[in-house]
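A.B. asks: Single-letter residue listing:
Number of protein chains: 2
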Amino acid sequence: MAKSPHMRRAVRGLMPKNFMKALLIGFGNVGRTLVEILSDGGQYCKLKDLNVSIIGIITKNHGSLVNSRGIDLIRALSEFRKGNFAAANPDRCDLDALNAVKELEYDVMIETSPLSIEGKGEPAVTYVREALSRNCNVITANKGPVAFAYSELMAIAKDKGVLLLHEATVMDGTPLFNMARHCLRGARVTSLEGILNSTSNYVLSMMEAGMSMDQAITLAQKMGIAEKNPMYDLEGWDSTVKLCVLVNALCNAKITPFEVDRNGITDITSDQVQNALRAGKHLKLICKAKLDESSPRAEVKVTEVEARDIFSTVKGQGAMLKIYTDIMAPFVVSQTDPTLPDTAYGIINDLFEVKDHISLHTNKAG
Amino acid sequence: MAKSPHMRRAVRGLMPKNFMKALLIGFGNVGRTLVEILSDGGQYCKLKDLNVSIIGIITKNHGSLVNSRGIDLIRALSEFRKGNFAAANPDRCDLDALNAVKELEYDVMIETSPLSIEGKGEPAVTYVREALSRNCNVITANKGPVAFAYSELMAIAKDKGVLLLHEATVMDGTPLFNMARHCLRGARVTSLEGILNSTSNYVLSMMEAGMSMDQAITLAQKMGIAEKNPMYDLEGWDSTVKLCVLVNALCNAKITPFEVDRNGITDITSDQVQNALRAGKHLKLICKAKLDESSPRAEVKVTEVEARDIFSTVKGQGAMLKIYTDIMAPFVVSQTDPTLPDTAYGIINDLFEVKDHISLHTNKAG
Numbered sequence: 001m002a003k004s005p006h007m008r009r010a011v012r013g014l015m016p017k018n019f020m021k022a023l024l025i026g027f028g029n030v031g032r033t034l035v036e037i038l039s040d041g042g043q044y045c046k047l048k049d050l051n052v053s054i055i056g057i058i059t060k061n062h063g064s065l066v067n068s069r070g071i072d073l074i075r076a077l078s079e080f081r082k083g084n085f086a087a088a089n090p091d092r093c094d095l096d097a098l099n100a101v102k103e104l105e106y107d108v109m110i111e112t113s114p115l116s117i118e119g120k121g122e123p124a125v126t127y128v129r130e131a132l133s134r135n136c137n138v139i140t141a142n143k144g145p146v147a148f149a150y151s152e153l154m155a156i157a158k159d160k161g162v163l164l165l166h167e168a169t170v171m172d173g174t175p176l177f178n179m180a181r182h183c184l185r186g187a188r189v190t191s192l193e194g195i196l197n198s199t200s201n202y203v204l205s206m207m208e209a210g211m212s213m214d215q216a217i218t219l220a221q222k223m224g225i226a227e228k229n230p231m232y233d234l235e236g237w238d239s240t241v242k243l244c245v246l247v248n249a250l251c252n253a254k255i256t257p258f259e260v261d262r263n264g265i266t267d268i269t270s271d272q273v274q275n276a277l278r279a280g281k282h283l284k285l286i287c288k289a290k291l292d293e294s295s296p297r298a299e300v301k302v303t304e305v306e307a308r309d310i311f312s313t314v315k316g317q318g319a320m321l322k323i324y325t326d327i328m329a330p331f332v333v334s335q336t337d338p339t340l341p342d343t344a345y346g347i348i349n350d351l352f353e354v355k356d357h358i359s360l361h362t363n364k365a366g
Numbered sequence: 001m002a003k004s005p006h007m008r009r010a011v012r013g014l015m016p017k018n019f020m021k022a023l024l025i026g027f028g029n030v031g032r033t034l035v036e037i038l039s040d041g042g043q044y045c046k047l048k049d050l051n052v053s054i055i056g057i058i059t060k061n062h063g064s065l066v067n068s069r070g071i072d073l074i075r076a077l078s079e080f081r082k083g084n085f086a087a088a089n090p091d092r093c094d095l096d097a098l099n100a101v102k103e104l105e106y107d108v109m110i111e112t113s114p115l116s117i118e119g120k121g122e123p124a125v126t127y128v129r130e131a132l133s134r135n136c137n138v139i140t141a142n143k144g145p146v147a148f149a150y151s152e153l154m155a156i157a158k159d160k161g162v163l164l165l166h167e168a169t170v171m172d173g174t175p176l177f178n179m180a181r182h183c184l185r186g187a188r189v190t191s192l193e194g195i196l197n198s199t200s201n202y203v204l205s206m207m208e209a210g211m212s213m214d215q216a217i218t219l220a221q222k223m224g225i226a227e228k229n230p231m232y233d234l235e236g237w238d239s240t241v242k243l244c245v246l247v248n249a250l251c252n253a254k255i256t257p258f259e260v261d262r263n264g265i266t267d268i269t270s271d272q273v274q275n276a277l278r279a280g281k282h283l284k285l286i287c288k289a290k291l292d293e294s295s296p297r298a299e300v301k302v303t304e305v306e307a308r309d310i311f312s313t314v315k316g317q318g319a320m321l322k323i324y325t326d327i328m329a330p331f332v333v334s335q336t337d338p339t340l341p342d343t344a345y346g347i348i349n350d351l352f353e354v355k356d357h358i359s360l361h362t363n364k365a366g
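Residue numbers (our numbering), protein chains in the order written: chain A, 1 to 366; chain B, 1 to 366.
Fair warning: there could be bad hints in the mix.
Intra- or inter-copy, both count: the list cannot distinguish identical chains.
[Unchecked claim] As a list, the in silico EDC-like pairs of lysine to aspartate or glutamate whose alpha-carbon atoms are at most 16 Å apart:
#1 Lys48 / Asp326
#2 Lys281 / Asp309
#3 Lys46 / Asp326
#4 Lys21 / Glu103
Since the hints were made in silico from the structure, they are not lab data. No experiment lies behind these values; they were computed from the predicted model shown.
So that you can see chain A by itself, here it is in the shape it has in the complex:
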């Protein structure tokens, strides 16, 4: 597939001066999909102006790659398919994430490591804090830092004049956070209502189709929708963490997952699902937050939804958020079944924001 000259140079590790240097923490599904998209300038022709160069890919157990002139992404992907970055790769090293964040030279850190609820978002919170403190922009696809330490981290970002972005944390690349930053100015978000977790929504949908919960979970795992241990989704933790990210970022409020009235779908029986269906209704795991004068109230709870309610149309892995403001009638943003490129696009959109920010800053300084 044809690549633009810029893209070709970036892929080969020869980086023009105006390229943005990115450090990638984690190389799981999301990180790899991001790199696949960035290295394919032919298919996604509108990405050719992004001008990003990955100068480090750091993994916990599969080695790391570092090259200040830009990593050969095609080679990285190809090696990783065999399990690890190759020992023969000249960029191969064993730098760990914390040292990479502290020592390498980069414009933006992209955090894609897994969320830890028990660790209250650590160690990612530390990585983000360190990067921001070094005047580097941060994009996180990991919900931990924004669910557990939003106000602290955002204060550092403001102080340092850099961005902390997280579009991919909720509903993947579907515009939510950047949309709110740019398109809801002057409006105050007063409450939120949504279906945010795909696994639990998929399981409830399959139970409506006649499966038992166990059968539905097994199917979801087979299809790659649910994790091996799906309890994080089924007990409502994923929904809770996402709701916190939304409340923190859209409502300028302060809440952490342990303050949410959290319920999951684990106690729901086939009978309950079928009884609702016979009454023309649907059981959905609904997230709700209301901003009062004092503090936000937030809950995650299975709720009976009318057939013609818009939330009833969220099928399979879809997600939906209804946003209430002080000035407009409520509006809804919804995504249909997302795939990995959807999540990676959330990061890409954030990279465009960082690019603008850097360019503005450079122009002002010069």
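Please build the complex by placing chain B on the supplied structure of chain A, with the hints as guidance.
C.D. replies: Structure of chain B alone, referenced to chain A:
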């Protein structure tokens, strides 16, 4: 209600230096609601940073107000409730729109005059062209200029380094155009599908509830949803014009209303509506556009929609747009029953964009 000091000064016609000067063309429902919101710094506290001052309000038949230091908005609203701006108002003059656009000093022109299909968007197209040519930013709530002359006008805006914005033209203040500018960068919009006209959707909804079309139209008129002459909505013109605005702005394609395969709801019978309902379906006026390599194909047509299709949930005056891109699964933006503040907020969001643009430009020059 308490007002910020800035707002109070603006209302009284004493404008600090960093205020953005706005010229308002038209003072119908939308223009008046905008001015009501802008003059109420208490209720909408997040608007206090907008720093806009209206230096001219131009009407066709009710006189005009001009004051380079800012018009007294409270007085303007109060006078207009009696039919015209008062002869005793020191700012009162009889400047017409074209001369105002050509001669006054302003940073942004806000065009809220009615759309003319027969006139192919004129005279608003001329006002917009003149303002842009004078290096002034333009916000239009009038769909005419963007449906009929998008590419010409956008080329002038680019050449002059100013903005041409139109968030309020489709789905009021619900984020669509500014969302796409900021949040879909690097993605290519490949097709669109939507319910865009509230009157026809309301009439179809009432026919489902058992009314005849005539009864539904009369009710819609009583409720202020439909115009005295509702044919523009019922024959699909409003949907068509909105679809053109979307195609021109989101897909970077070139289409005008006369190139759309346009159908309205006028031929739909109660029997058709009820038959669909008995089959568990809903008749909806659906707008569709597909971007091929060559040119866009667009149609507006009554379509049978499945009960659990998301379009079925658009009730009353709601609207919905489904956006397909090359990189993500499709996503949906939808609004529930909008009121006048919704439309005015579209303009307010554009004003924030213009403010940023001016501030950036000023910083660069300085």
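A.B. asks: A separate judgement is required for each hint: does it hold in the structure or not?
C.D. replies: Hint check results:
no., hint, verdict
1, Lys48 / Asp326, "between (39 Å within a copy, 14 Å between copies)"
2, Lys281 / Asp309, "both (9 Å within a copy, 15 Å between copies)"
3, Lys46 / Asp326, "between (36 Å within a copy, 10 Å between copies)"
4, Lys21 / Glu103, "within (14 Å within a copy, 48 Å between copies)"
When each numbered hint is compared with the structure, no violation occurs for any of them.
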